[in-house]
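K.L.:
Residue-level listing of the chains:
Protein chains: 2
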Amino acid sequence: MQRVVMSMMAEWCKPAESVRGVLLDISGVLYDSGQGGGIPIAGSTEAVRRIKEADLKVRFCTNETQATRETFVAKLQNLGFDITFGEVFAPAPAACQILKERGLRPHLLVHDGLLPEFNHIDQSNPNCVVIGDAADNFSYKNLNEAFQVLIGLEKPVLLSLGRGRYYKETDGMKLDVGAYMKALEYACDIEAEVIGKPAKMFFLSALSDMSLEPDQVIMIGDDIVNDVGGAQQCGMKAVQVRTGKYRKNCRCCKPGTKTEVAGKAQQVWQHL
Amino acid sequence: MQRVVMSMMAEWCKPAESVRGVLLDISGVLYDSGQGGGIPIAGSTEAVRRIKEADLKVRFCTNETQATRETFVAKLQNLGFDITFGEVFAPAPAACQILKERGLRPHLLVHDGLLPEFNHIDQSNPNCVVIGDAADNFSYKNLNEAFQVLIGLEKPVLLSLGRGRYYKETDGMKLDVGAYMKALEYACDIEAEVIGKPAKMFFLSALSDMSLEPDQVIMIGDDIVNDVGGAQQCGMKAVQVRTGKYRKNCRCCKPGTKTEVAGKAQQVWQHL
Chain P
2 MQRVVMSMMA
12 EWCKPAESVR
22 GVLLDISGVL
32 YDSGQGGGIP
42 IAGSTEAVRR
52 IKEADLKVRF
62 CTNETQATRE
72 TFVAKLQNLG
82 FDITFGEVFA
92 PAPAACQILK
102 ERGLRPHLLV
112 HDGLLPEFNH
122 IDQSNPNCVV
132 IGDAADNFSY
142 KNLNEAFQVL
152 IGLEKPVLLS
162 LGRGRYYKET
172 DGMKLDVGAY
182 MKALEYACDI
192 EAEVIGKPAK
202 MFFLSALSDM
212 SLEPDQVIMI
222 GDDIVNDVGG
232 AQQCGMKAVQ
242 VRTGKYRKNC
252 RCCKPGTKTE
262 VAGKAQQVWQ
272 HL
Chain Z
2 MQRVVMSMMA
12 EWCKPAESVR
22 GVLLDISGVL
32 YDSGQGGGIP
42 IAGSTEAVRR
52 IKEADLKVRF
62 CTNETQATRE
72 TFVAKLQNLG
82 FDITFGEVFA
92 PAPAACQILK
102 ERGLRPHLLV
112 HDGLLPEFNH
122 IDQSNPNCVV
132 IGDAADNFSY
142 KNLNEAFQVL
152 IGLEKPVLLS
162 LGRGRYYKET
172 DGMKLDVGAY
182 MKALEYACDI
192 EAEVIGKPAK
202 MFFLSALSDM
212 SLEPDQVIMI
222 GDDIVNDVGG
232 AQQCGMKAVQ
242 VRTGKYRKNC
252 RCCKPGTKTE
262 VAGKAQQVWQ
272 HL
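Chains P and Z, in that order, are what the protein sequence lines are. Per our numbering: the first sequence ends with 273, consecutive numbering throughout. Per our numbering: the second sequence ends with 273, consecutive numbering throughout.
The hints are simulated quantities; they were obtained by calculation from the structure and are not laboratory data. A portion of the hints provided could be inaccurate.
No distinction is drawn between identical chains; accordingly, a pair holds when it is met within one copy or between any pair of copies.
Lysine-lysine pairs mimicking BS3-like chemistry, simulated, CA-CA at most 27 Å apart [claimed, not checked]: (1) Lys169 with Lys142; (2) Lys76 with Lys169; (3) Lys169 with Lys156; (4) Lys142 with Lys76; (5) Lys53 with Lys76; (6) Lys101 with Lys201; (7) Lys53 with Lys201.
The shape of chain P in the complex, shown without the other chains (with noise of 0.2 Å):
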């Protein structure tokens, strides 16, 4: 199986010998998320079985903010993909990370499936915002809460759980939190800073945590920017993959318009 892998990375991702390891995104890849937890995407869950069998190392970079990593694991090993708890990287527990470090008390404008991650973290008397995909918690009221505890600061902090535009579900595509960072900064004037992709520190971590380089792995995701502009940042090869929110005609998912697209697989899991 990895001479196939190797085979099909060698033209875009030579020396591809060196490849020891594959960073996958989630949403719009492995699975289409939806009402009923989603739909997985056809051949992704034996494409994972595969990649592990053939001894590259495996790690799951999501931006998915709408539940805690062990509810939305547990999610994806119902659907039968062989995937642990250890082994997702999550913008939420790097954003508790940071907030405890800097001595941040964020109010929350998330999805209240993400609350449990930060049970922890002190929110009394706010004095930083984070926002991730609330979907319906994105009320008018909700936003503008967010907006009146970050212009009532002398310093407005506003940290966003990713910058998605939008991603793919069963039933269409659906606004994700990155729109809403710009509402909220355009409202302030200010720049919110980006947990999670495309931000460079959340591929080296779990780079890290495969004890490998980044001309050793490649990152396979749906988005040109967060996912295989993000990885190119960090110095790795990458593929989009034409599912999820790839679009034909999408002016952010046509290839050399925004970022290099490193390969020209149509659909990996398709081939692997």
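Since the structure of chain P is provided, determine the placement of chain Z on it from the hints.
P.N.:
Chain Z only, in chain P's frame:
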């Protein structure tokens, strides 16, 4: 009275004698909007009356998009203002004209109170999105629907009724349409067309209605970008009042940061 105004304006608006008209912003200048219809700002009803008595022409240039002009003017009359329908310039009527001229059929994301302005506009099979200050209608579901219309168009057209960051209501600062315009711009990688302040056309139509030249008219508003900056771009002088959204330490409101402030009036109404 005219002499008092002229004397006030003399320092920063020479030759003062040439001033023949005043453009007035409404929200944050004449009154603070909010529950129960809002509250007039002290001295403002009297000031409008005295400006009119001084034979200065007056037009009200507002980015108000929570109600039709009829409803809005009736509310202000009830609050004691000498104001008529024909004196009010608002973005929705200007938008309707543009929609007709360009054969655009809007998907509307606006306040329920504004919908009647678009009754005569074909809204079938939308080929653009119009957003206004939709307030509580800015739910995730509604913003997502607008996004899906835009992302489904080959050339997405987004018309935004103003681009304000926020405004002041009686119970605090509220996010304005500009924040949501930015969210959709970012999600779709497009640039909105702004109708209303600070668009040049909007100011020029009010000037044309008064049959006055830019150097004969003063703009008075609380928004340094949309009122003051917009008017200055048309060659008018402008005053930023320190009511409404004005905040002493705001990076947007601070004189000199974004655009030059013409006047230093602490609070124009108290001096008129």
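K.L.:
Each of the hints needs a verdict: does it hold here or not?
P.N.:
Each hint, compared with the structure:
no.: 1; hint: Lys169 with Lys142; result: both (25 Å within a copy, 15 Å between copies)
no.: 2; hint: Lys76 with Lys169; result: within (17 Å within a copy, 44 Å between copies)
no.: 3; hint: Lys169 with Lys156; result: between (35 Å within a copy, 20 Å between copies)
no.: 4; hint: Lys142 with Lys76; result: between (31 Å within a copy, 24 Å between copies)
no.: 5; hint: Lys53 with Lys76; result: within (20 Å within a copy, 68 Å between copies)
no.: 6; hint: Lys101 with Lys201; result: within (20 Å within a copy, 48 Å between copies)
no.: 7; hint: Lys53 with Lys201; result: within (25 Å within a copy, 61 Å between copies)
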